[in-house]
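Respectively, the protein sequence lines represent chains A and B.
Counting in our numbering, the first sequence runs from 1 upward without gaps.
Counting in our numbering, the second sequence runs from 1001 upward without gaps.
There is no bait here: all hints are sound.
To be clear about the criterion: a stretch of chain B counts as covered by chain A if any three or more of its residues have a C-beta under 8 Å from a C-beta of chain A, and this derived list gives those stretches:
#1 1074 to 1082
#2 1107 to 1117
#3 1120 to 1131
Quick list of the computed label-pair ranges, beta carbon to beta carbon:
#4 A:L131 - B:Q1279: 37 to 47 Å
#5 B:V1435 - A:T15: 52 to 62 Å
#6 A:L93 - B:P1485: 58 to 68 Å
#7 A:F90 - B:L1304: 24 to 34 Å
#8 B:Y1424 - A:I105: 29 to 39 Å
#9 B:S1334 - A:L131: 32 to 42 Å
#10 A:N130 - B:I1017: 21 to 31 Å
#11 A:F90 - B:K1171: 15 to 25 Å
#12 A:M47 - B:Q1279: 36 to 46 Å
DSSO-like mimics (lysine-lysine), calculated; alpha carbons at most 30 Å apart, straight line:
#13 B:K1367 - B:K1171
#14 B:K1163 - B:K1112
#15 B:K1495 - B:K1073
#16 B:K1163 - B:K1036
#17 A:K164 - B:K1171
#18 B:K1112 - B:K1040
#19 B:K1171 - A:K95
#20 B:K1367 - A:K164
#21 B:K1036 - B:K1112
#22 B:K1163 - B:K1030
#23 B:K1367 - B:K1163
#24 B:K1495 - B:K1068
#25 B:K1068 - B:K1011
#26 A:K164 - B:K1034
#27 B:K1367 - B:K1030
#28 B:K1495 - B:K1011
#29 B:K1036 - A:K164
#30 B:K1073 - B:K1011
#31 B:K1367 - B:K1036
#32 A:K164 - B:K1030
#33 A:K164 - B:K1163
#34 B:K1040 - A:K164
#35 B:K1163 - A:K95
#36 A:K108 - A:K95
#37 B:K1040 - B:K1163
#38 B:K1367 - B:K1112
#39 B:K1030 - B:K1040
#40 B:K1112 - A:K164
It should be emphasised that the hints constitute simulated quantities derived from the structure, not laboratory data.
Glycine included, each C-beta is placed from N, C-alpha and C at the ideal position.
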Amino acid sequence: MEAAIVFYGLSFFMTVLSLGVLFNPNPIMSALYLVLTMIGVSLVFFMLDAGFLAGVQLIVYAGAVLVLFVMVIMLFDLKREVYTFSRGFFTRLLKVFTGVVFLIILVKSFFLVPETKELLNSSTQMTTKNLAGLLFTEYIFVFELLGLLLLAVAIGAVALSRIKGGTHAE
Amino acid sequence: MNLSFDAVDIKYILPLIILFTVSLVPVLVKVFNKNKEPGKIYNFLTPMLGALIAAGASAGVGAEFLSKGISSKLLFSGALVMDGVSVLAGILVSLCLGFTIVLAKESPSINKNQLSEAVFLLMNAAVGMLTVLWANNLLVMFVGIEMMSLCLYILVAMSMELKLSKEAALKYFVLGSFASAILVYGIAFIYGAAGTVYLPELITQINATLLSNGYFLLGLSFVLFGLAFKVSLFPFYSWTPDVYQGSSTPLVAFMATGVKLVAFVALLRLIATQVLQFQEAAVFLQVLQWMAVVTILVGNIAALRQDNLKRMLAYSSVAHSGYVLIGLLAVSSSDGQVLGASSVLFYLFSYVIMTFGAFSFLSFLEKSHESALMISDLRGMASRRPYIALSFSVLLLSLAGIPPTVGFFGKFYLFSAAISEGFYWVVAWGVIGSVISVYFYLRPLVVMFMSDEQGVDVEPSRLGTQNIIFITAILVLVIGFVSNPFYLHIQSAIKTIF
Chain A
1 MEAAIVFYGL SFFMTVLSLG VLFNPNPIMS ALYLVLTMIG VSLVFFMLDA
51 GFLAGVQLIV YAGAVLVLFV MVIMLFDLKR EVYTFSRGFF TRLLKVFTGV
101 VFLIILVKSF FLVPETKELL NSSTQMTTKN LAGLLFTEYI FVFELLGLLL
151 LAVAIGAVAL SRIKGGTHAE
Chain B
1001 MNLSFDAVDI KYILPLIILF TVSLVPVLVK VFNKNKEPGK IYNFLTPMLG
1051 ALIAAGASAG VGAEFLSKGI SSKLLFSGAL VMDGVSVLAG ILVSLCLGFT
1101 IVLAKESPSI NKNQLSEAVF LLMNAAVGML TVLWANNLLV MFVGIEMMSL
1151 CLYILVAMSM ELKLSKEAAL KYFVLGSFAS AILVYGIAFI YGAAGTVYLP
1201 ELITQINATL LSNGYFLLGL SFVLFGLAFK VSLFPFYSWT PDVYQGSSTP
1251 LVAFMATGVK LVAFVALLRL IATQVLQFQE AAVFLQVLQW MAVVTILVGN
1301 IAALRQDNLK RMLAYSSVAH SGYVLIGLLA VSSSDGQVLG ASSVLFYLFS
1351 YVIMTFGAFS FLSFLEKSHE SALMISDLRG MASRRPYIAL SFSVLLLSLA
1401 GIPPTVGFFG KFYLFSAAIS EGFYWVVAWG VIGSVISVYF YLRPLVVMFM
1451 SDEQGVDVEP SRLGTQNIIF ITAILVLVIG FVSNPFYLHI QSAIKTIF
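Start from the sequences, fold in the hints, and give me the full structure.
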């Protein structure tokens, strides 16, 4: 019962905060609302006994990714971007149209699978230790490959920042 | 804690390790050389050698399998599988990489101040491709696809050309990430419904009850559509011409061949779980049939109207995806599996060879990074460069599917596999599509041989590119003439995945 109250309270606040992300005209404020939403998500993970995921959510998303967002926001000439993306009758119509389509898909998909089912293997407790064990035994190949992926992308990002014409070529 | 894999497993993934290690060489040399671009030895010869050794290592794995008489081997507690398909396609991907490095060295549209980074990214894209080929688990497949795609997004943006390439890179990145997101969402649904993403386990799990589960069907359709984006099947093809036009030509040669090959092998592995055999999945089969037909028609009819050679070849590669899908339909039915799968693989191999040759021809002719080759630029090609013109004609005839070439036999095996499974009307549309395609494949031929005017001047110094055109043209003819042994070899390789 308490868990349900906490969950619905959290969900309510998260919905409000994510609406704040969408409707706030100042992008920095949007980013700050996003931090609060991320913290809410990590609390939900914590309630689901996924302590590791909660921690990762806090460290990676609320910490690193958001700092990156704010930095990128500062780098761009936002007034011009806002102007380019939010004028014109057709653009507005397109936005409303896509929104309606996605809403229909969402509602439809709820009716597509009406019954709720127990998760498979829900009895096994996924602790951080178990997770680490799995990562370094069963999933060692993917884990190492993700390391390679990050390296490739890091070098690629540096290369991209030095391309001919820069990132904002005319 | 005991590790659940043998150190021996590392021996089998040597091609991947070699490619990655060698890819570091040019970048590291550049770093230690005060950020000055390294010379030919590090930027060209070492990566070339690495690609060749990787191909050799793949071949070595195949040779070991043959000599020991084993057909397939699971690695890293089932994350990867080494079988005939992985070995053959792995060799081809490594060779494609080597050829692409040659093209990149000689092409004007690759920035020579960033050649080492480009080579690094190309080799890591190949690492991702090998992973997709070997993947025995949907998650590994996804990570491989991401590794490949992320490297390619960056490579598209790194072209010398300024306007189109940036547009292409952004388009490819946004649409590609959307497709990847749908793919991983689908994998999550499949895991939720079936409790596993491990393909051999999935085979044992699939039954009528699972297929009446809405979550599973949703997941399956998401995974199919995510992969359909990568191979540019009908509703998800529209990025292809724009991205190919904006990217530098050597990169297009790599994307049009490598990415399609590995994504189709991934689709093949998914469909080889026999998920589409059941009555409950009949609707998927219907949708896939229509996708194949419309892809063929759209690709071929749109290619008719293109004057830009690169866009024409891009649309033709869309159409070829449609042909391969016809073969995959045959795989999905219960008794045509081996036949269908080997025809798909044979067609993919022939497609890779001829498409790579055709794009190398474009790369050979491009004068600067901004040149957009039109069909009319080929005027009088036959009198100035007879051998090149002849080789390109062979490649085009093969793409069109004219008899003595490998393209004809590829289509023949595909269509006969589909007919033996009763997909008559799809094959009929496939034949109609091929007939339409003959028109636009013959147009450059007519311009090259029957017009005396002067077109674009030829760059004489691109020896490597020239040799690649010759090699692919000769391969197209040779494999065409002796297609049956090749086909039988592929068939024996394919038996291991069923």
